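The chain contents come next:
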Amino acid sequence: MSGREQSAEREGQAWNDLLLSVIKRYYNPRVDQGIDGKNDRSVGIVRCRLVNRLCGDTVTVKERRETDGGPERFYLETQGCAVCRASATLAEQSIADLKSDAARSLCDSMVALINGSSPENAFPATLPCDTIRDLEAFQALREVPGRRRCATLSWEALRTVLAEESNR
Amino acid sequence: MVGVLLCVRSIGRRTIPECNDNVGGGGKASTVAFPSLSFVADRVENRYSIGMTTVFDLAQIRSDFPALTGKMRGKELIYLDNGATSLKPQRVLDAVQEYYGGYSANIHRGVYEMSERATAAYDRARQSLYRLLGVQEEEGEIVFTRGTTEAINLVAYAWGMNRLVDGDEIVLTAMEHHSNLVPWQQVARRTGATLRFVPLTPDGSLTRHDIVDTIGNRTKIVAITAMSNVTGYMPPLETIISEAHRNGALVLLDGAQFVSHHPIDVAQLGCDFLAFSGHKMCGPTGIGALYARRDLLEQMEPFQFGGDMIREVELEKSTWANIPEKFEAGTPNIAGAIGMGAAAEYLMETGLDEIAGHEQSLNRYMRSAIGELDYLTTYGPLQDDERGGIFSFNLAGVHPHDVGSLLDQQGIAVRTGFHCAQPLMSHFGITGTVRASFYLYNTVDEIDRFIEALRRLYAILQ
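So the sequence lines, in the order shown, correspond to chains A and B.
With the first letter of the first sequence counted as 1, position 1 gets the number 1 in the numbering used here; the numbers rise by one all the way through.
With the first letter of the second sequence counted as 1, position 388 gets the number 388 in the numbering used here; the numbers rise by one all the way through.
Calculated from the structure, these hints are not laboratory results.
As the structure is a computational prediction, the values presented were derived from the model and not from experiment.
None of the hints are false.
Computed Cβ-Cβ distance ranges for the label pairs, DEER-style:
no., chain 1, residue 1, chain 2, residue 2, range
1, B, 93, A, 54, 26 to 36 angstroms
2, B, 75, A, 115, 24 to 34 angstroms
3, A, 121, B, 426, 35 to 45 angstroms
4, A, 11, B, 456, 17 to 27 angstroms
5, B, 268, A, 11, 46 to 56 angstroms
6, A, 25, B, 90, 42 to 52 angstroms
7, A, 133, B, 59, 40 to 50 angstroms
8, B, 236, A, 51, 32 to 42 angstroms
9, B, 60, A, 132, 48 to 58 angstroms
10, B, 462, A, 56, 19 to 29 angstroms
11, A, 116, B, 426, 30 to 40 angstroms
12, B, 236, A, 96, 55 to 65 angstroms
We treat Cβ as the ideally placed atom computed from N, Cα and C, and that holds for glycine.
All chains should be modelled from the sequences, with the hints used to inform the complete structure.
Structure below.
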């Protein structure tokens, strides 16, 4: 097997691993979406809605204050495949405790990583190791261009909202 | 043994064995020598008879397509995305290669041998399409385009924009591919014409009552697919054409899915326009054609302007060449046309009747097999005589993309999403489907493996 074939096989295996892990997470047992399931995603102010024109899947970024009176947070509501939902959950989880600049930087990095280029900035050091590992797993999508948009949609939607925030 | 008999929808001059399930015989069904399901499934014996004289040699046909020897994700390829594009036989590859490698001169007006050879090959390709569609030259003409989309746009712009006025009606259906909907939306917006839609039944088919009720004396054109790219449903074209002509309206057929799979005779059918693509009929991408009635083309203004389509050019004005050149501005896709002509010859030699019969047998087998999966929902009518070899479905609670990717891991190529038919998705109350579509090289064995893959992946999700 040539070096190129070995590389292709490794990337194929990485995509297979990612696919099976998100499939397992979202179909067995089935979950609607979200990190903890305690938040009602039907409420909140819609800040951004993006559509994947390849398949019609949508990601909506909503903003609302937690019921315990905490700060306003962004929630992602998805109508999409397991990859789309996994990406949304991870995006929502990852930026939850980041400052705005760091969150925007993470969005940029993830869009770059998923699309097969090198992120300009490292992931925020405050992110847990498990989260960083999950984020890096999405680089497997470089093997399947047709599914990249499933994963970038959430990060792009969040990036749009965060950019608006910084311009306020 | 369960007998499988041909039930091929006949459109045109070719005689096709008419038959049915033959349960108890009767009717006009003729007994056609055709394999039982178990015979078709035989991995060794791939030759079987269709009709009284023709042998459909599946092994030979598969050997004509180099891509079928390839692998996907390290697995033997099962290609079920023929609704998107077909694979290409070696003959087509050779024709394109011969042009580029041997005589890749520009056509028309070249006074040297190589250009004359290219012109002759380009013209022969058009002749092949005449034969494929039964075009009588004195009645109709073939215009090469980039594909079905451009062919429909040609009619929308060159005919629709210039002829329609406020109050005129354009009749469509909600099952149209976006390429046969969006151009007419633009025509309506610019001319003041109104779009009317023949209502779809819950399963996505049409009734005669609704067809007659929608087409009226204000209708100027009926633009409709000959076969849905989502459900495989084939509308009753004879009824639609008859009703349109009775009201003085023209008929444009979107033949992208139909022409490559079924015999058709435009002269007998009586459609006014027929748009289709080369790449769905074993030809190259980037080439297609519009069949149109000669008198209509002669009355229509050109769609695009520039070289090749002119008769005489002065500084302030120009006159146009005769058809079809009037509608083929600029250097055309010469290699594409030659490849499309080679594809047409390949299909005619294989036999469109035989291809349709083969796909019909695959349809029946598929319908029977997926009927056992109670977690699977199909879309579109299931009657064999109303549908071609396209199956759209969803697995309960599973997103089509995830099904598609899991099938991809097993070497199976299907299409997922809304298939450029969002209004039809809305009609079914869904956002997308998984679509498996057959062609002449697909086998029962592949269907077995496809069904097994569906079972396996659904088990993963439980």
